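S.K.: Sequence:
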Amino acid sequence: MSRTRLPGHIPRVISALLTSVAVVFGLTACMNDNSKVPDDYITFFGGEPQNPLIPTNTQEINGGQVIENLFTGLARYTPEGEARNAVAESITPNENSTSFRIKLRDWSFTNGEKITSDSFIDAWNWAVDPANAQLQSAFFAPIKGYTEVAGETDADGNVITEPTADTMSGLTKISDTEFTVTLSAPDSTFPLLLGYSSFVPLPSVFFDDPKSFGEHPVGNGPYMMDGQDAWQHNIAISLKKNPDYPGEDVPKNPGIAFIMYSSPTTAYADLQSGDLDHMRETVAPEAYPTYTEDFPDSHDDKPYAAIQNFTIPENLPGFATDEEGRLRRAAISMSIDRQLIIDKVYFGARQIAEDFGAPTLAGGLPEIKGKEVLTYQPEKAKELWEEANKINPWGGQKFQIAYNSDGGHQQWVEAVTNSVRQNLGINATGKAYPTFKAMRDDVVNGTVGAAFRSGWNADYPSIASFLVSNYRTGDSANDGDYSNKDFDKLLAEAAAQSSPEEAQPIYNDAQEILMQDLPQIPLWYYSASTAWNPDLKNVESGWLGMPVYTEITKDVN
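For the sequence shown, the working numbering begins at 3 and goes up steadily by one.
Keep in mind the hints are simulated off the structure, nothing from the lab.
This structure is a prediction, so every number in the text was calculated from the model and none was measured.
Each hint should be verified, as a subset may be incorrect.
Dumping the calculated DSS-like pairs for lysine-lysine here, alpha-carbon to alpha-carbon at most 25 Å [stated by the list, open to error]: (1) K175 - K116; (2) K491 - K371; (3) K382 - K371; (4) K371 - K384; (5) K242 - K556; (6) K116 - K243; (7) K175 - K105; (8) K213 - K254; (9) K243 - K38; (10) K116 - K105; (11) K384 - K433; (12) K213 - K439.
Quick list of the computed label-pair ranges, beta carbon to beta carbon [stated by the list, open to error]: (13) S275 - K491: 47 to 57 Å; (14) D231 - E504: 50 to 60 Å; (15) I515 - K382: 15 to 25 Å.
Just so you know, even glycine gets a beta-carbon here, dropped at the ideal spot from N, CA and C.
Whenever a hint applies, use it, and build me the whole structure from the sequences.
M.R.: If you want it as structure tokens, here you go:
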């Protein structure tokens, strides 16, 4: 994607919009003492994980990047986004994709324990047990017997059905090296999910003490925790090469470390001074104009399967999924000049969103009816807002978008809210949280009291990863508590198709409903606009915009 500057003359209202997007981060030196990280490890920009490092309770990027390097599932995803068998020797469906027979390879955890069928069956059942309150438990919903173990609640969290079983009936052990997974309904995409981190195996030591395991996880992936003090909270997490790893993606480096920064600005300053090796998926926002010049031979700008949006929760006054709420959501969306913000904040390194997925997925960008609601129409936006006011006056309320200050989001949030304020004539601002963890805690607890930034990376290479996790009733990342029965039915119908090609038109129909309800406001698709130390070799950004960690090497003086 080309990166161009806009002409110098811009309308006065837009100039005012962008004035408040001035850089506010100071270029302070990194205050973290990461001296325990070995010199030959490759260091990456990171942040403190929200939760202990348990795969089924990790749904954010800082913890997720650690988990994905510590564990390998039945399948793994190549840098191009292709699912390949890993721990699974074979995954064989029946005729209508309601049952899958899985045969395991000879594989072990880093503590020497053999991986068996129980390593998967016990981990998945534990994740679904409501007593364990796992954030990612809904990923197992397709498996027969899920509801009997998890129970059932409505969109408001009220109990409909109490749990009646301890284990999912759809998981059947044949032997230590074979088991079957039976689903409640046909789902041809199910094998794609098996490379996602929620489906990884867990060793027996996990069940002895999950709390301790979360601090010192034992996995089976290309890397392992580098000793008992590998996780220095708010400083760094160090991972060393797993010397016995039998997978295809064997590390070519001795280890990696995620260095925790209070802002990407500080990290970028360390990259420039040689104290950091790689900015992971993106440079600091204020570095967009210059990073290709700062690192002429060690930068990337590659589209990947991710979208930036913000969620307007159902419980936010004036924004329920009714006539008033739909009018206000559409007005907010049409009041945002996405292209101007992309050009001025990101210097062209984004693409305007036209759906709720990502154009890099198989099949490309679909044509969705109603997508004009994602275009800039300030006059129409004002009309819709006034229509909503006839139903219920807005009054002096404030519209806010919550964001974490340590993630480089202030610039775009302020630009978006300024656009809303200028075009709708309402009080619109950002709501800053000091850390990603602090924001996510309020989001998960339903106490954020505002709209909130909610970008999404695909969990597995399918549009279903975006639509199911974020918008299906009660699903794992449906933080806005959106619920639409017609939408849910279309997802089930799409999953029952025999191929992704047959499912695509049905997913398009489901997205048409989202265009009407706008549970989230899509903004733009991501690019891996990143940079790294010129001494690094074999650097590549994968299908999710993250570095292909195992391939990178470094010249150490």
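S.K.: Does each hint hold? Answer for all of them.
M.R.: Structure-based check of each hint:
1. K175 - K116: Holds: K175 and K116 sit about 16 Å apart, inside 25 Å.
2. K491 - K371: 18 Å, holds
3. K382 - K371: Answer holds: K382 to K371 is near 18 Å, not above 25 Å.
4. K371 - K384: 22 Å, holds
5. K242 - K556: Satisfied, since the Cα-Cα distance of roughly 15 Å is no more than 25 Å.
6. K116 - K243: 19 Å, holds
7. K175 - K105: Holds, because 11 Å separates the two Cα atoms, which is no more than 25 Å.
8. K213 - K254: Cα-Cα ~32 Å, so violated.
9. K243 - K38: Between K243 and K38 the Cα gap is close to 16 Å, so the pair holds against 25 Å.
10. K116 - K105: Satisfied, since the Cα-Cα distance of roughly 14 Å is no more than 25 Å.
11. K384 - K433: 23 Å, holds
12. K213 - K439: Holds, because 18 Å separates the two Cα atoms, which is no more than 25 Å.
13. S275 - K491: 47 to 57 Å: For K491 against S275, whose Cβ atoms are near 55 Å apart, the range 47 to 57 Å holds.
14. D231 - E504: 50 to 60 Å: 51 Å, holds
15. I515 - K382: 15 to 25 Å: 21 Å, holds
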